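For the record, the sequence lines run as chains A, B and C.
The first sequence begins at 1 in the UniProt record's numbering and counts up one residue at a time.
The second sequence begins at 1 in the UniProt record's numbering and counts up one residue at a time.
The third sequence begins at 1 in the UniProt record's numbering and counts up one residue at a time.
Taking lysine-lysine and the DSS-like style, the derived pairs with C-alpha atoms no more than 25 Å apart in a straight line are:
no.: 1; chain 1: A; residue 1: Lys163; chain 2: C; residue 2: Lys171
no.: 2; chain 1: B; residue 1: Lys141; chain 2: B; residue 2: Lys121
no.: 3; chain 1: C; residue 1: Lys32; chain 2: B; residue 2: Lys141
no.: 4; chain 1: B; residue 1: Lys179; chain 2: B; residue 2: Lys141
Beta-carbon label-pair distances, calculated as ranges:
no.: 5; chain 1: B; residue 1: Asp15; chain 2: C; residue 2: Arg189; range: 48 to 54 Å
no.: 6; chain 1: A; residue 1: Trp77; chain 2: C; residue 2: Arg34; range: 29 to 35 Å
no.: 7; chain 1: C; residue 1: Pro109; chain 2: A; residue 2: Lys40; range: 24 to 30 Å
Think of the hints as simulated: they come from the structure by calculation, not from any bench.
Model, not experiment: these values are computed from the prediction.
All C-beta atoms, glycine included, are put in the ideal place defined by N, C-alpha and C.
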Amino acid sequence: MPVSISPQGQPRWRLRTSRAQWLGYLAWLIGACLFLLCWKMISDNTMWVFVADAGRQGGDLISRMLPPDWHYAHRLWKPMWDTLNIATLGTLLGIAMAFPVAFLAARNTTPHPLIRSLALGLIVSSRSINSLIWAMLLVTILGPGVLAGIIAIALRSIGFIGKLLYEAIEEIHPTPVEAISATGARRLQVMSYGVLPQVLPAFAGISVYRWDINIRESTVLGLVGAGGIGLQLNAAINSLAWSQVSVIFLMIFVTVLASEWISARVRHAII
Amino acid sequence: MLTLSGVCKRYPTGDRALSDIELSLPRGQITALIGPSGAGKSTLIRCINRLVEPTSGSIRLDDTELTRLSGRELRRARRAMAMIFQEYALVDRLSVMENVLSGRLGHVGFWRSFLRRYPAKDVTEAFRLLERVGLSHALDKRADALSGGQRQRVGIARALVQSPQLLLIDEPTASLDPKTSRQIMRLIRELCAERRLAAIINIHDVALARQFADRVVGLRAGRIVFDGKPDELSAEILTTIYGEEDWDTQADHERDAPSKSKTQSHPALMSPISALAALSTGSTR
Amino acid sequence: MNREQLADQAFTREALASTGRWRRLPFIADPKVRWAMGIGAAVYLALALASIEVNWERVAEGMSRALNFLGAFTQPDFLSRRDDIIDGILESLTMTLTSTVIGVALAIPVGLGAARNIAPLPIYLVCRSIITVSRTFQEIIIAILFVVMFGFGPLAGVITLAFATIGFMAKLLAEDIEDLDWRQVEAIRATGASWWQTMNHAVQPQVMARLIGLSMYRLDINFRESAVIGIVGAGGIGATLNTSMSRYEYDTSAAILLIIIAVVLLCEYGSSHVRRWTQ
Ligand SMILES: Nc1ncnc2c1ncn2[C@@H]1O[C@H](COP(=O)(O)OP(=O)(O)OP(=O)(O)O)[C@@H](O)[C@H]1O
Ligand SMILES: [Mg+2]
Chain A
1 MPVSISPQGQ PRWRLRTSRA QWLGYLAWLI GACLFLLCWK MISDNTMWVF VADAGRQGGD
61 LISRMLPPDW HYAHRLWKPM WDTLNIATLG TLLGIAMAFP VAFLAARNTT PHPLIRSLAL
121 GLIVSSRSIN SLIWAMLLVT ILGPGVLAGI IAIALRSIGF IGKLLYEAIE EIHPTPVEAI
181 SATGARRLQV MSYGVLPQVL PAFAGISVYR WDINIRESTV LGLVGAGGIG LQLNAAINSL
241 AWSQVSVIFL MIFVTVLASE WISARVRHAI I
Chain B
1 MLTLSGVCKR YPTGDRALSD IELSLPRGQI TALIGPSGAG KSTLIRCINR LVEPTSGSIR
61 LDDTELTRLS GRELRRARRA MAMIFQEYAL VDRLSVMENV LSGRLGHVGF WRSFLRRYPA
121 KDVTEAFRLL ERVGLSHALD KRADALSGGQ RQRVGIARAL VQSPQLLLID EPTASLDPKT
181 SRQIMRLIRE LCAERRLAAI INIHDVALAR QFADRVVGLR AGRIVFDGKP DELSAEILTT
241 IYGEEDWDTQ ADHERDAPSK SKTQSHPALM SPISALAALS TGSTR
Chain C
1 MNREQLADQA FTREALASTG RWRRLPFIAD PKVRWAMGIG AAVYLALALA SIEVNWERVA
61 EGMSRALNFL GAFTQPDFLS RRDDIIDGIL ESLTMTLTST VIGVALAIPV GLGAARNIAP
121 LPIYLVCRSI ITVSRTFQEI IIAILFVVMF GFGPLAGVIT LAFATIGFMA KLLAEDIEDL
181 DWRQVEAIRA TGASWWQTMN HAVQPQVMAR LIGLSMYRLD INFRESAVIG IVGAGGIGAT
241 LNTSMSRYEY DTSAAILLII IAVVLLCEYG SSHVRRWTQ
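Work out the full structure: start from the sequences and follow the hints.
Shown next, in the form of structure tokens:
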């Protein structure tokens, strides 16, 4: 009750009940203690000598990076092309797999609740595991190379696209779907006429958005051997060639910005 | 042709929407189903094409028992019963032609329909119907670019391209203005007469029901309380269907304001008889 | 195409449909553009697929490992590296929490500064560049730099994740503030409130619920990221996972992955509760 009567008989206006207020304070207190505890654990595991040195190290790093080694750029075209391919082909493969999974996972299109939980489980696992972990795993299985990267990106994309798409499917208008089933259409036809047109714009938007994220992710897959510009980055860092590292950084920066721009334009055009 | 006997429907929430419905429709007859909101009109219509599963009872279309069908047989039975919806239920992002052709889905295979390769006969028929409802010029428009009356015309064309024997129509005019409502009802009536179709029309507007139906069935709280000719609808009968209301007074709201009615009533039904009187003077029929 | 041609085309389509010939309108109206795009896509796909080099012998060899890995999920091994796993997960969790708190705290001023409608131009530009840099580079790249600066260990990881959080939160926060309901702000200002009072009474209530929701979402993301930045030495479970995979100890990897999935699920479940509670 936000208004209570004070002992003097005057109404007092409060934002919340005092009980809720106390609970709120308690939550903040617990949160603060938890934060301090975590911070303590981290600082115990930190060599503060190094940290004290961080400013100098950072300055040193920048001074080594600074005239970027422009000639090195010529050797980066092929890795950049690989990176783009990893992202694009991986996204396409991911879309192909996520599409049916989303229909199995949406409450209103799933054939059976058991299948629905399986599909949801698949989506959660794919979402929980970073593409770099998928790549690590696939490199040990398939050997290093672009293929491992493509599949890693695809596996990670299933969860993302699948989740957003099945949520979109659950939000469609039910009446056109009823109307199509009332004509005597079979299940797949109901999906393709009643459901698909309603989720198509969302689906295209989600896919383009994921492609843009995948460009960014595929720039680092090379660190674990899964192809692309990350391989060059790894090599340059291991040989402490910081003036090459800065060229790679610039290249990544421009590519990611360009892909973000393209994706935003396309999504804008669709919606 | 269509016979319902002992049909009951109880929703999982416990609402008893239909109890013990007995109804039989001959070929070519237009039946208006009237009743207050929540009486179970939509439930009855949806039980027939099994968008809602009846709890018990039997529904027969000619010789087929509809309540026991499943899978392919159900789809085949649904091809013979076309439905027209209050909110049109068109697929907004598809074109008018695609919406109309979707009425043929029960007759064509998946890939044909997915690639929109419909047989020439279906396309001709769809186009002819679009011409019949006056929308042949709009065949490439998207459904969401049409007005309410136009959309309902597309809905009618979609239903008829199914070449059904029975039309199930759920409040076809509830979202339309009075003039368009009459045009739509007249169109339905003419098309039914051309093809000797039976139709059940849920409708809130008693005046329209009287004007366009061959038979009126009154539903109240899930039971049939009236079944007869439109001109048998008297003030007493309207009272048994809708509850107490001063049916005969002029539509004079200042005098009506302290309404005598104790039971529920629908604003559109304030005085259907006076509405009818007004209509008959300027009747276009 | 000009209007006359369009009308012509519509007329022929009607005439065709009346004789039973009808095709769906193509998605791209201009046939030249349509063909160009189709051929372009085909050529790209061919080139891209051709540039993938696959060592099929190596792949065949790996298939048995793939089976091992799938088998490992049916009997994950939580025990033989128990201490490593517990330490790693705890470290990941502490990193997640600290970095989210620090990141959100810093994202608020950056977000305010990056909202064009309340920040002066120089501050706007600075905040926007921070956001752009933080969003463009994958966490792992930033982690490499911070590890070089701050040495191995969880502190570098915390700073990395906090930096990434700033980019993520500040961008969304700035967008929220930019499409704020401006009338409420005016109303508060009209009472003669100071800048801080305006922020507190007009801006905060409008963005708070979403801020909390986004923070919970970011907590979830940070946990998932904390599981990989260990690969470059920035602390967390990633190092343990990397080691177990490169030694082909798939049963341990499976155990770690299952724990990660469980924590993410818990996080999602918890955050849906928190979001309901704050609304
Ligand atoms: N999906 C459902 N789940 C539970 N109860 C329902 C459902 N649909 C309808 N009902 C209940 O069944 C009863 C009849 O509903 P129905 O929609 O058939 O009425 P109606 O006569 O069509 O009303 P209206 O004129 O408002 O459309 C109502 O009491 C309603 O609450
Ligand atoms: Mg109804």
